[in-house]
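Colleague: Going down the list, the protein sequences come from chains A and B. Residues in the first sequence are numbered consecutively from 1, following the numbering used here. Residues in the second sequence are numbered consecutively from 1, following the numbering used here.
These aren't lab readings, by the way, just hints derived from the structure by calculation. Note that CB positions come from ideal geometry on N, CA and C, so glycine has one too. Do not take every clue at face value.
As the list claims (entries may be wrong) - Here are a few chain B residues that face chain A, going by a calculated C-beta distance under 10 Å: (1) Y13; (2) L56; (3) I78; (4) T148.
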Amino acid sequence: MSNEPYSKEHQEYLKKAKNRKTAIIITQILILVIFFVQWEITAKLKIVDPFLVSQPSRIIKSLVKIYNEGTLFRHIWVTCYETIVGFVVGTLLGILIATILWWSDFICKVLDPYLVVLNALPKIALGPIIIFWAGNNQNSIIIIALMISLVVTIISVLSGFQEVDEDKIKLLKTFGANKFQILRYVVFPASIPTMISALKINVGLSWVGVIVGEFLVAKEGLGFLIVFGGQVAQLDMVMMSILILSLVAYLMYEVVALFEKKFVKWKS
Amino acid sequence: MSKLEIQNISMTYHTKEGETSALSDINLKVEDGEFITIIGPSGCGKSTLLSIFAGLIEPSNGKILIDDKEIKYPCSQIGYMLQRDHLFEWRTIYKNIIIGLEIQNKLDKDSIENVENMMKKYGLSSFKNYYPHQLSGGMRQRAALIRTLALNPEVLLLDEPFSALDYQTRLAVSDEIYCIIKNECKTAIMVSHDIAEAISLSDKIVVLTKRPGTVKSIHDINLEIENRTPLKAREAPKFREYFNTLWKELDVHVE
Chain A
1 MSNEPYSKEH QEYLKKAKNR KTAIIITQIL ILVIFFVQWE ITAKLKIVDP FLVSQPSRII
61 KSLVKIYNEG TLFRHIWVTC YETIVGFVVG TLLGILIATI LWWSDFICKV LDPYLVVLNA
121 LPKIALGPII IFWAGNNQNS IIIIALMISL VVTIISVLSG FQEVDEDKIK LLKTFGANKF
181 QILRYVVFPA SIPTMISALK INVGLSWVGV IVGEFLVAKE GLGFLIVFGG QVAQLDMVMM
241 SILILSLVAY LMYEVVALFE KKFVKWKS
Chain B
1 MSKLEIQNIS MTYHTKEGET SALSDINLKV EDGEFITIIG PSGCGKSTLL SIFAGLIEPS
61 NGKILIDDKE IKYPCSQIGY MLQRDHLFEW RTIYKNIIIG LEIQNKLDKD SIENVENMMK
121 KYGLSSFKNY YPHQLSGGMR QRAALIRTLA LNPEVLLLDE PFSALDYQTR LAVSDEIYCI
181 IKNECKTAIM VSHDIAEAIS LSDKIVVLTK RPGTVKSIHD INLEIENRTP LKAREAPKFR
241 EYFNTLWKEL DVHVE
């Protein structure tokens with residue numbers, strides 16, 4: 001930062017920009033507050049049925065209860081763990097397979113129709129089979145999460161690889177670069193933004209996989225709490241889990257966004 | 001002995017639709033330190049010819065000799081400059097300049113010193129750690145040239161190196177690049193479709209015919225001025241004469 005005094009006009013411009021940013025944040029928070037307050041009031045006045053839609057105060061009670069039982073963080077951790085493993089492995093494996101397909105045009109052409117079919121297939125449909133193969137446990141959940149993000153990653157990263165400017169590759173070829181060097185010096189670094197956007201999509205997809213997986217097999221985790229709460233007609237517990245889920249999913253997305261900032265600093 | 005000799009180069013492209021003859025029986029001699037430009041109607045195979053020199057595509061026929069020896073690719077005696085600078089956005093200017101050295105595993109004390117000297121000489125050392133998007137078009141083009149020169153090639157190939165720049169920048173940059181090339185005593189072969197640019201830079205202009213391209217005529221450019229630079233060349237009385245001759249040679253019809 002320079003210490004040069006800015007012109008008055010520029011100072012005003014900066015001030016305006018700052019004010020606008022504050023206004024946006026305040027409005028965002030306000031929406032959240034109004035939403036919860038009206039929820040609480042309408043439920044208290046019985047305008048909506050608190051049994052069906054729950055109520056912020058009852059959600060907090062439910063939260064305190066689970067916290068006192070000592071299992072709250074365990075549930076959150078289990079779900080986060082499954083999601084992180086799912087999307088990290090899904091992304092890495094996807095990038096690896098995309099690299100192989102980029103390397104061999106033949107394999108790529110051969111596998112093309114299979115990828116299209118796999119992409120179109122709702123991976124959740126494989127749930128029961130995966131449970132049979134991997135067991136009625138956490139592994140199945142992770143595999144379901146991984147399957148959901150894998151094919152999307154392969155397809156998007158591969159198209160990122162293929163969109164790398166031909167002339168940049170040509171440039172390296174004039175230096176006598178071999179295929180591995182082309183991958184290392186151009187194709188891979190040029191595709192980092194694509195990979196990170198794949199990562200961003202995968203975070204969301206893995207949540208879907210993990211929650212569905214927990215619906216099917218789990219004995220713990222936020223997905224389990226949602227199903228269990230539904231079964232015993234405890235909508236407070238369901239709502240609480242959904243709120244925690246939204247918060248954690250948001251945080252995880254922000255971490256990936258931070259990651260992006262670090263790795264594509266040359267863009268700004 | 002010529003620096004570069006091209007003997008009977010022909011090129012035929014094969015596609016499912018059939019075969020196209022792009023170049024037919026090209027013969028050319030380039031002397032050491034000469035700047036020659038190849039011009040011709042669009043689609044005459046100019047860029048194909050350059051790609052063949054660079055070893056990016058293999059000709060159907062013919063051979064290329066440097067100092068009377070047939071070239072084996074990849075060839076470190078030849079440097080190639082593309083239409084756009086193609087600096088990698090994720091690498092700093094310095095990192096961009098040494099990429100050729102990295103690939104050929106030639107990154108040592110001497111080569112680094114050479115690169116740093118060139119950066120200093122051509123006004124880039126203070127931008128060493130900048131990213132390409134922070135530099136002007138002219139600086140980027142200079143960086144691209146130093147990247148090519150870092151490998152110390154004897155012959156430079158330039159594929160319409162200024163065509164991505166706007167007119168004013170283009171004049172300034174061609175001046176700079178020309179001086180660097182002359183300063184480093186390199187032999188240069190440029191491909192262009194701009195007659196004025198060709199005259200302002202070259203010692204010799206080769207005109208190709210329409211597809212399949214073959215050498216139509218060769219013109220020695222002698223502008224009879226002292227301390228020639230591309231900008232000064234444009235003011236030379238003989239500039240217009242050459243322009244008219246080449247214009248007629250190219251036989252441009254607008255249909």
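Colleague: Check each numbered hint against the structure and report the violated ones by number, ascending.
Modeller: 1
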